[in-house]
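Peer 1: As given, the protein sequences belong to chains G and U, one line each in that order.
Numbered per the numbering used here, the first sequence spans residues 1 to 187.
Numbered per the numbering used here, the second sequence spans residues 1 to 120.
Hints are supplied without guarantee of correctness; some may be wrong.
Claimed, not checked - Now the stretches of chain U that chain G is said to cover, found in silico as 3 or more residues with beta-carbon under 8 Å:
hint, segment
1, 29-36
2, 40-49
3, 54-65
Unchecked claim - With a straight-line cut-off of 20 Å between C-alpha atoms, the simulated SDA-like cross-links for lysine to any residue are:
hint, chain 1, residue 1, chain 2, residue 2
4, G, Lys-168, U, Arg-111
5, G, Lys-168, U, Ala-61
6, G, Lys-168, U, Glu-68
7, G, Lys-165, U, Met-41
8, G, Lys-165, U, Lys-101
9, G, Lys-168, U, Met-49
10, G, Lys-165, U, Asp-58
11, G, Lys-165, U, Glu-63
The hints are simulated quantities; they were obtained by calculation from the structure and are not laboratory data.
Every residue, glycine too, gets a C-beta built ideally from N, C-alpha and C.
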Amino acid sequence: MSQDFEKLTVYGKSFSGLTADKEALLVEIGPQIKPHLGAVTDEFYQQLLNISEASTFLAGRVESLKKTHGLWMEGLFTGPFDKNFTAQMFKVGDVHVKVKLPVEFMAGAMTLINNRLFSLIVDTFGDDKQRCGQVIAAVNAVTGFSLLVMQQSYQASSLAEELEKFLKISGMSRTLFTNLALAYRDK
Amino acid sequence: MRSDLLVSILTELNGSSADIEASGVISTDGLMMASVLPASMDEDRVGAMSAAMLSLGDRTAQELARGELEQVLIKGASGYVLMTYAGTEGVLTVLTKASAKLGLIFLDVKRAAGRISEML
């Protein structure tokens, strides 16, 4: 399925409020935040392992998942938040569909991450309330942006999977399905 | 031209019974090859829908152990839609009035499908 990542980037940013100023701020605070991200990742997976519904998806994979997760978190404070970042997040969502991860896990996981990151931000920037607020808003925007893109991917992948199933059951070829859809497109 | 020949078979088929209102030859991918349809009917929709129904009929016959599919018949308050394969790559769809004598229609459609099959 082809996807216009440029368009999705603009769409995602319009919802999440990830502006150029916020992007610059995320990159600026990177050196102060990045040394703590390993601990955030460790704590995140520990929390997931305590949720029985989530832990079944993690068995035997925690260390490799931590590595991927760590790279993503580094990216949140590195940028650029362009169409390549969007494409990468889309791919992450797609992988989640393939392992049949329930859709609510992504929003749940992002909440856990935000909780931990906000706590880290308060510890780091709490002395300057204005800056602390700006950093929280920027982090909330970038994680919200990531979540929105992953959910778009989830939706697209789930539909594609359902369509494959339908074609297999009905015996219809993909070409026939496309022609049927074309015949009934809005004229 | 092959499409002219197909149209002549369809015209002959439509003329064989006053109950036949429309007919068309469609590829199994749902694209119309030739048709004799009233102007009010959308050729693309008739084509794609017919091929889709036949494909589903094929699958149903197979899944429910009814053997090789011969035809799909749909009865509505205003008439019938009859779909049958014309060879392995064509679908012949015929629309009739509700009062149609199906026995004769089946026979004519079978003959027409055979001729179309030879042409495709």
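Peer 1: If any of the earlier hints don't hold here, list their numbers in rising order.
Peer 2: 4, 7, 8
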